[in-house]
Amino acid sequence: MSKSRTKTIVKCKNLSKSFSGHTILNNINLTIPEGKIIGLLGRNGAGKSTLIKIINGLVTPSSGEILIDNQSVGIHSKNIISYLPERTYLDKTMTIRQSIKFFSEFYADFDPTKAEQLVQELNLDPDSRITKMSKGMQEKLQLILVMSRNAKLYILDEPLGGIDPATRDYILDTILSNFCAGSSVLISTHLIADIERILDEVIFIDQGKIVLEDSADNLRDQHHTSIDEIFRQTFKANIK
Amino acid sequence: MINFKFDSNRPIYIQLVEQLELYIISGKVPPGERLPSVRDLALAAKVNPNTMQRALTELEDLKLIYTERTNGKFVTTDRKRLQKHREKFATSKIQTFLAEMQSLGIDQPTILKILSKGGKKL
Numbered sequence: 001m002s003k004s005r006t007k008t009i010v011k012c013k014n015l016s017k018s019f020s021g022h023t024i025l026n027n028i029n030l031t032i033p034e035g036k037i038i039g040l041l042g043r044n045g046a047g048k049s050t051l052i053k054i055i056n057g058l059v060t061p062s063s064g065e066i067l068i069d070n071q072s073v074g075i076h077s078k079n080i081i082s083y084l085p086e087r088t089y090l091d092k093t094m095t096i097r098q099s100i101k102f103f104s105e106f107y108a109d110f111d112p113t114k115a116e117q118l119v120q121e122l123n124l125d126p127d128s129r130i131t132k133m134s135k136g137m138q139e140k141l142q143l144i145l146v147m148s149r150n151a152k153l154y155i156l157d158e159p160l161g162g163i164d165p166a167t168r169d170y171i172l173d174t175i176l177s178n179f180c181a182g183s184s185v186l187i188s189t190h191l192i193a194d195i196e197r198i199l200d201e202v203i204f205i206d207q208g209k210i211v212l213e214d215s216a217d218n219l220r221d222q223h224h225t226s227i228d229e230i231f232r233q234t235f236k237a238n239i240k
Numbered sequence: 001m002i003n004f005k006f007d008s009n010r011p012i013y014i015q016l017v018e019q020l021e022l023y024i025i026s027g028k029v030p031p032g033e034r035l036p037s038v039r040d041l042a043l044a045a046k047v048n049p050n051t052m053q054r055a056l057t058e059l060e061d062l063k064l065i066y067t068e069r070t071n072g073k074f075v076t077t078d079r080k081r082l083q084k085h086r087e088k089f090a091t092s093k094i095q096t097f098l099a100e101m102q103s104l105g106i107d108q109p110t111i112l113k114i115l116s117k118g119g120k121k122l
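So the sequence lines, in the order shown, correspond to chains A and B. First residue of the first sequence? That's 1 in the numbering used here, and the numbers climb one at a time after it. First residue of the second sequence? That's 1 in the numbering used here, and the numbers climb one at a time after it.
If we strip away everything but chain B, and leave its shape as in the complex, we get (with noise of 0.2 angstroms):
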């Protein structure tokens, strides 16, 4: 079961939604597969059931899941939109990454450089 971290300074439900959509964008969860029901997965992040909700119905309107009646939410099958959403992922990623390195006064070529080493020390 999906394993879910909580910072009690910012809502719950976005929280949620950030967390499950990197198990979606990462495969964890694969396309296509069934996910467990809102009351199991509320259960699982001990929250409100009304909450969980919220943040899968937000889920559904990024199309990153699908309802089928009666059967349940599955992981969408839509390949090009998960790549897109990784895409998107990785961009927040290293812009706050940018915005940390240029509050420490860490330049782009600097930071290049120590990206071609592969991270290591200059």
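For reference, chain A alone in the conformation it holds in the complex (with noise of 0.2 angstroms):
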């Protein structure tokens, strides 16, 4: 668009994945740019948790190269990407005071006040243990947790997985609310009607390939579609 050329926060370039003889992810080329919202969509073994890991430093690629910020993945890329996993990591016996503590001497970034706040609107006592909370609650408190850093990334894997209509209204506002302007949120789902609304760029993958990468709206403009919609159609016709 007109102003400022934007950044790139991310660049993959013919990354590859193989796990025993299995290819995951296949050459993949890709940039994130700074300042924008993308939905990482594919089905189930697309390859989307995958990609995620190798961008945290979990995984390592078997070719190809990955840079966060024009660096590659070590402690510089950890101080600024803030990951919500797909499965909790917390300590289950610590309080959410404790937890609030936990984070704010792990990550320079970390906003306590912030926290604390998001987790008084929600009516949470902070002396409750997480394993005293409902299952909601606590991707609640995770979620609080990871969008309380003052991160350049933040990369979410799926979000909204198992549940309920209310706490996904929650979650999205959560987000939307709380990304530090100029910083960028990658979202993997394959619930993409809920989330089509807050996408700035899609990017499609399906079995590790890269299959379409566009901005939400031109991706409506020119099919006359939703998302979710191209989405389906999109993988009808590979299923065969």
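If you are wondering where the hints come from, they were derived from the structure by calculation, not from laboratory data. Treat the hints with care, as some may be off.
Going by beta-carbon spacing under 7 angstroms, a handful of chain B positions derived as facing chain A [unchecked claim]:
1. Ile2
2. Lys5
3. Ser8
4. Pro11
5. Asn48
6. Asn50
Keep in mind the model is a prediction, meaning the values are calculated, not measured. All C-beta atoms in this analysis are idealised placements derived from N, C-alpha and C, irrespective of residue type, glycine included.
Take the two lone chains, each set in its own frame, and fit them into one complex as the hints suggest.
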């Protein structure tokens, strides 16, 4: 668009990953710009989580290159990426207050005041133990902790899995109102209808390959239909 | 706060422009009134702030709103321009209506007859 050229926060070049003979990611070329909300959309087993784990340095690629903020994955990338994994890693014997303290000690960019405020808005008692909370509440707390960092890139792996529609709205609101201006959010999901409204860009991934990369409004404009419908049609054809 | 509704088959920013325009030309947001911040508007619509920004830029190009540096965005006080946009909006609604009537095979005299009775059955 018009103003300053958008900078890149993640760049993948010819990135591949195989596990014991199975190709999970096949020659991925991808750039993720700064200041955008991007949907990483694909069916189960498409390679979404593997790609996310590579960006987070939890899986090493078999070949190819990945740069985060122009540097290879390492201390710098961990400092600027706030990651919500598919499964919670919180120590459930902690209280909410303790988990906030834990995050403040761990991350320099963590804003405890913001986290406390968000917890208060949910009417949660900071001294209650995580193990005593419902699954939905645990997911909300995890998201609060992740979004209370002033990160350059937020990566949310399936933040909408297995939660009710009201919680879904809460999660979308929390993402929208808390990501820092100028930073990017990468959200992986197969529940497209629920999040497509907040996306700038979409990436379709299937069988380890990027099959489509475009702006959400461009796609709606060209196809006269929703991203959800484009997704269904793209992958219906591919199943055969 | 403004209530937004979306059709997921069309670009969001176009729908934002349409709905904000309607709020402005119908006077629901009066001339000279300050608009909420981009972030608050985006939250109200549950859309990405970038998309809201794009819609507001478009409204600014249409001169329906203007930016006062550091103060925010305001609805234009140019009443002539508002009237012009109201008429443009009405014309496009009438065109849609006429096209629909034409596809039903209802001719202009019949339409006028119905209109003259205030929309009641003939």
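>> Does B/Ser8 hold up as a contact with chain A if the rule is Cβ-Cβ below 7 angstroms?
In response: holds (4 angstroms)
> Given B/Lys5 was flagged as interface, is its beta-carbon under 7 angstroms from a beta-carbon of chain A?
Replying inline: violated (11 angstroms)
>> Would the hint on B/Asn48 be counted as holding, given a Cβ-Cβ threshold of 7 angstroms to chain A?
In response: OK, holds: B/Asn48 within 7 angstroms of chain A, min 5 angstroms.
> Would the hint on B/Ile2 stand, with a C-beta cut-off of 7 angstroms toward chain A?
Replying inline: The hint is violated - B/Ile2 has no Cβ within 7 angstroms of chain A, the shortest such distance being about 15 angstroms.
> Are B/Asn50 and chain A close enough, Cβ to Cβ, to be under 7 angstroms, as the hint says?
Replying inline: holds (5 angstroms)
> Taking the least C-beta to C-beta distance, is B/Pro11 closer than 7 angstroms to chain A?
Replying inline: Holds. Min distance 4 angstroms.
Violated hints, listed in ascending order, are 1 and 2; each of the other numbered hints is respected by the structure.
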